[in-house]
Structures are given as C-alpha cells and as structure tokens.
Amino acid sequence: MKGDPAQELVVFTEALKVPVQERAAFLEGACAGDENLRHKVETLLSAHDRLGDFLEEPPSGASVE
Amino acid sequence: MGWPRKDTYLALCPKSGENGGGVRRVDKACSGTSESDNMSDATVMLAAVEAGDSKAAEQLLVLVYDELRRLAASKLALEAPGQTLQPTALVHEAWLRLVGDQAPSFNNREHFFRASAEAMRRILIDRARRKHTKRHGGGYQRIDLESFDLAAPAVDDQLLAVNEALEKLALEHPVQAELVKLRYFAGLTNEEVSEVMGISVSTAKNYWTFSRAWLLNEMEGHDA
Numbered sequence: 000m001k002g003d004p005a006q007e008l009v010v011f012t013e014a015l016k017v018p019v020q021e022r023a024a025f026l027e028g029a030c031a032g033d034e035n036l037r038h039k040v041e042t043l044l045s046a047h048d049r050l051g052d053f054l055e056e057p058p059s060g061a062s063v064e
Numbered sequence: 000m001g002w003p004r005k006d007t008y009l010a011l012c013p014k015s016g017e018n019g020g021g022v023r024r025v026d027k028a029c030s031g032t033s034e035s036d037n038m039s040d041a042t043v044m045l046a047a048v049e050a051g052d053s054k055a056a057e058q059l060l061v062l063v064y065d066e067l068r069r070l071a072a073s074k075l076a077l078e079a080p081g082q083t084l085q086p087t088a089l090v091h092e093a094w095l096r097l098v099g100d101q102a103p104s105f106n107n108r109e110h111f112f113r114a115s116a117e118a119m120r121r122i123l124i125d126r127a128r129r130k131h132t133k134r135h136g137g138g139y140q141r142i143d144l145e146s147f148d149l150a151a152p153a154v155d156d157q158l159l160a161v162n163e164a165l166e167k168l169a170l171e172h173p174v175q176a177e178l179v180k181l182r183y184f185a186g187l188t189n190e191e192v193s194e195v196m197g198i199s200v201s202t203a204k205n206y207w208t209f210s211r212a213w214l215l216n217e218m219e220g221h222d223a
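Chain order of the listed sequences is A and B.
Numbering that gives the first Met the number 0 numbers the first residue of the first sequence as 0 and each following residue consecutively.
Numbering that gives the first Met the number 0 numbers the first residue of the second sequence as 0 and each following residue consecutively.
Quick caveat, the hints were computed from the structure, so don't treat them as lab data.
Each hint should be verified, as a subset may be incorrect.
As the list claims (entries may be wrong) - Some chain A residues well away from chain B (every beta-carbon gap over 10 Å; in silico):
| id | residue |
| --- | --- |
| 1 | Pro-4 |
| 2 | Glu-21 |
| 3 | Arg-22 |
| 4 | Glu-27 |
| 5 | Ala-29 |
| 6 | Cys-30 |
| 7 | Asp-33 |
| 8 | Phe-53 |
Stated by the list, open to error - So, partial list: chain A residues that the calculated Cβ filter (under 7 Å) puts toward chain B:
| id | residue |
| --- | --- |
| 9 | Thr-12 |
| 10 | Leu-54 |
| 11 | Pro-57 |
Even glycine gets a Cβ: it sits at the ideal position worked out from N, Cα and C.
All chains should be modelled from the sequences, with the hints used to inform the complete structure.
And the structure:
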C-alpha cells in the first residue's frame, strides 16, 4: 500500500504504449529505482495480458427464471 | 454504506401497488404522489444535489433505486422466461421517466447517472447475495417482491467477486472505481462516462483499462 497510487496509473498507462520488447527499459527509467512501483506496474501489465473480455459484458444476468 | 430502510419500505409497498404511475419517496411511503410531483421531485433533488446538499443526494439515490427496481420488475413481468435485462436500458428509461424533457443542466445529468450506477450496483449485488445465501443452505423464507432473478450461479459469484474487488480499488483509486461503477453497473459507454465525469474519452479508456487489470489481478489473488 506504499507509494503514490497515481504513479501506478500513469506508468501503467504509458507502458502500454511502449512496444513489449522495450517495456523493461521503459520501466527501468520510469520507476527510477522505485522497486515497489515497478513490481506493481509489472503485475498489472501481466494481468492486462490476460484480460480478454473481462468486465466488457455488463452484468445483465437479471432474467426471468 | 448501509441500506437500512429498504426492507421496511418494501414491506410498506406490496407489489400490486408497484404498477401505479408514481415513484414514492421513502418519507412519503406509499401515499401515491402524482406523476408530475415525482418529476419535479427528481429535478428539485438534482438541483439540490448540484448545490451540495448531501441529504438530497441520499434521497435521489432512494428515488432512482426504487424506480430502477420497479422498471426491472415490470419489464420482466412482460418477458418470457430466460429473457435478460440490460442495465443500460433501465438507466436510460429511468432518466426519461424521472426527469424527461425538463432539460436539467448538464451537471444534473451527471448526478443522476452517478446515483443510477450506485443504485444498479446495490440491486444486482443484493440479489446475487440473496441467491448465494439460498444456494448455500440459508433456508430462511423471505417474501421476494422482485419478479426477476439472476440467471446463473456463475453470474452471481462473478458479480460478488467484482464488487468486493471494486471496494478495494475504491480505497486506492476512487476516481477509477467510480468509472467502473458507471461502465459496469450502469452500462454507460466510454463516451457517456467521459461526459459524466468531465474527462476526455481517451482518459476514460485509460482508466477503464487500468481498472480492469487492477480488478482482475485482485480477483486472482495476486498482490498489486
């Protein structure tokens, strides 16, 4: 829970714009030695790769039985 | 945030009364206000919310919650079994019914959609919890005034898991959690969300992508 949550969002968003093979170098620079931030962003990027259509469908499961 | 008055309120308003034209405020119970009263109720409340009246915000939520429940029930009463409801359609219909062509300011619209997203979340989560309890042997009998039900256990469980993760997201990223509510529970598009929240469409898209990754990670049990 340490760190600035806004940083996490900014670095994650910028990292997605960078080609995959250049991301490590990008994170190195963007996180500037903040290992906690880097770990968080890397975890989120990995979740992003698995997103598929997660949450894209509205919970319209309300139906007549 | 609790919802303590709902059961009392429902008990006061049997389903047979729910097809009347009116939306009743809790403090008026079932006294059956006329359609025009209700419309001005909504616009007056929206203006009060805009002016920073937190009590009005609570009343607006109750009004919208009740209207959405009623719309859902009456829609489904007309549908064949297996039909589903679209939260987006319900929210837009509630807007037309409660505010209609009274052309409130843009900011008022924002408050309405925020209240709708929260109301829709509560409706869906309450139902999913109730069904979850029933499935797991919570054998208490309850008079269920709603005629619709969530389709499959998987849908309930996903909803409850998303909701739990969303509460955690709100602690660290409240703005992004609000966006998830508007998109996922009220079914607004990125364009509508950007209007309601006063951000650009590309920012709305960025927040949405970030939030989905954050929530998926949380639901998978990793630390972020």
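Now the hints, each set against the structure:
no. : hint   : in the structure
1   : Pro-4  : 5 Å, violated
2   : Glu-21 : 19 Å, holds
3   : Arg-22 : 14 Å, holds
4   : Glu-27 : 20 Å, holds
5   : Ala-29 : 15 Å, holds
6   : Cys-30 : 15 Å, holds
7   : Asp-33 : 15 Å, holds
8   : Phe-53 : 5 Å, violated
9   : Thr-12 : 5 Å, holds
10  : Leu-54 : 5 Å, holds
11  : Pro-57 : 4 Å, holds
Hint violations for this structure: numbers 1, 8, all remaining hints satisfied.
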